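Trainee: These are the residues of each chain, in order.
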Amino acid sequence: EPEVTQTPSHQVTQMGQEVILRCVPISNHLYFYWYRQILGQKVEFLVSFYNNEISEKSEIFDDQFSVERPDGSNFTLKIRSTKLEDSAMYFCASTKTGNIGYTFGSGTRLTVV
Amino acid sequence: AQSVTQLDSQVPVFEEAPVELRCNYSSSVSVYLFWYVQYPNQGLQLLLKYLSGSTLVESINGFEAEFNKSQTSFHLRKPSVHISDTAEYFCAVSGNSGSARQLTFGSGTQLTVLP
Chain A
1 EPEVTQTPSH QVTQMGQEVI LRCVPISNHL YFYWYRQILG QKVEFLVSFY
51 NNEISEKSEI FDDQFSVERP DGSNFTLKIR STKLEDSAMY FCASTKTGNI
101 GYTFGSGTRL TVV
Chain B
114 AQSVTQLDSQ VPVFEEAPVE LRCNYSSSVS VYLFWYVQYP NQGLQLLLKY
164 LSGSTLVESI NGFEAEFNKS QTSFHLRKPS VHISDTAEYF CAVSGNSGSA
214 RQLTFGSGTQ LTVLP
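So the sequences go chain by chain: A and B. With my numbering as the guide, the letters of the first sequence map in order to residues 1 to 113. With my numbering as the guide, the letters of the second sequence map in order to residues 114 to 228.
Keep in mind that the hints were calculated from the coordinates and are not lab data. Treat each hint with caution, since some may be false.
Stated by the list, open to error - Covered, in the sense of this in silico footprint (three residues per stretch, anywhere, with C-beta under 8 Å from a C-beta of chain A), are these stretches of chain B:
#, segment
1, 156-164
2, 214-222
Unchecked claim - Once the Cα atoms are required to be at most 27 Å apart in a straight line, the calculated DSSO-like pairs of lysine-lysine come out as:
#, chain 1, residue 1, chain 2, residue 2
3, A, K42, A, K78
4, B, K162, A, K96
5, A, K42, A, K96
6, A, K57, A, K96
7, A, K42, B, K162
8, B, K182, B, K162
9, A, K57, A, K78
10, B, K182, A, K83
11, A, K42, A, K57
12, B, K182, A, K78
13, A, K57, A, K83
14, A, K96, A, K83
Since we're looking at a predicted model, the values are computed, not measured. Backbone N, C-alpha and C define an ideal beta-carbon position, used for all residues, glycine too.
All chains should be built: construct the whole structure from the sequences, respecting the hints.
Mentor: Right, here's the structure in full:
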């Protein structure tokens with residue numbers, strides 16, 4: 001069964017550093033998403049991406065965040081200057097048809113120290 | 114905008130007992146409804162979904178959920194749980210048209226099946 005692949009599985013970074021989280025969505029999917037889950041809290045929507053541009057973003061997704069699909073297969077989330085409160089599990093997801101049939105990756109646990 | 118409420122943060126239950134995990138939602142538009150399961154140190158796996166048609170939907174591992182529009186609920190049930198069902202369960206909702214494509218999750222219910 002096709003999978004969404006996320007790398008790395010764990011990342012530790014110092015506060016103020018830039019971090020890039022990587023995702024390889026399912027190849028024939030058209031919609032891509034990032035969600036995050038702070039420990040003990042809800043899974044929260046960050047951003048959706050379709051047709052090479054952001055289609056929706058949440059209040060969390062401020063100027064410190066950016067997304068890119070650099071080469072037609074990878075989908076990345078960049079945090080420019082990490083803060084302690086960015087520590088969370090970040091999930092990438094993709095769908096073929098929009099808001100149904102999401103496939104989530106296994107997540108990247110980001111720890112900012 | 115949508116919101117999801119899962120009233121029970123923890124549900125302990127003995128093996129082979131029935132279980133119900135409650136989910137209520139609010140939305141100003143028509144919705145799709147989902148249950149996701151998260152096993153320890155793993156990602157979110159789709160358990161079942163309601164898109165349209167029959168209000169009772171089933172998963173391959175014995176879970177079922179019923180969409181109740183009048184009560185705005187989508188409770189998850191299983192008549193007999195196994196140890197392996199121990200996991201966190203998330204109810205989620207999305208709008209079914211236009212730009213309402215993001216999933217809104219509840220806070221999750223930790224199901225612990227005891228021997």
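Trainee: With reference to the structure, classify each hint as holding or not holding.
Mentor: Against the structure, the hints come out as follows:
Counting residues of the segment 156-164 of chain B whose CB falls under 8 Å from any CB of chain A gives 6; the rule of at least 3 is met. Counting residues of the segment 214-222 of chain B whose CB lies closer than 8 Å to any CB of chain A gives 8, so the stated coverage by that chain holds, three being the minimum. Pair hint K42/A plus K78/A holds up; C-alpha atoms about 21 Å apart against a cutoff of 27 Å. Between K162/B and K96/A, the direct Cα distance comes to roughly 16 Å. Compliance with the 27 Å bound is thereby established for this hinted pair.
Taking the CA atoms of K42/A and K96/A, the gap is about 25 Å. The hint holds against a cut of 27 Å. Note on K57/A and K96/A: the hinted pairing holds, with a Cα-Cα distance of about 19 Å set against a maximum of 27 Å. At roughly 19 Å between alpha-carbon atoms, K42/A and K162/B fall within 27 Å of each other, so this suggested pair holds. Proposed proximity of K182/B and K162/B is supported: the alpha carbons are some 15 Å apart, at most 27 Å.
Between K57/A and K78/A, the direct Cα distance comes to roughly 14 Å. Compliance with the 27 Å bound is thereby established for this hinted pair. With a C-alpha separation of about 41 Å, the suggested pair K182/B and K83/A falls outside the 27 Å cut-off, and the hint is violated. Of the pairs offered as hints, the one joining K42/A and K57/A holds, with about 17 Å between alpha carbons and a cut-off of 27 Å not exceeded. Pair hint K182/B plus K78/A does not hold up; C-alpha atoms about 40 Å apart against a cutoff of 27 Å.
As the CA atoms of K57/A and K83/A are separated by approximately 19 Å, the hinted pair is consistent with the 27 Å bound. For a cut-off of 27 Å, the pair hint linking K96/A to K83/A is broken: about 33 Å separates their Cα positions.
Of the hints listed earlier, those the structure fails to meet are numbers 10, 12 and 14, in rising order.
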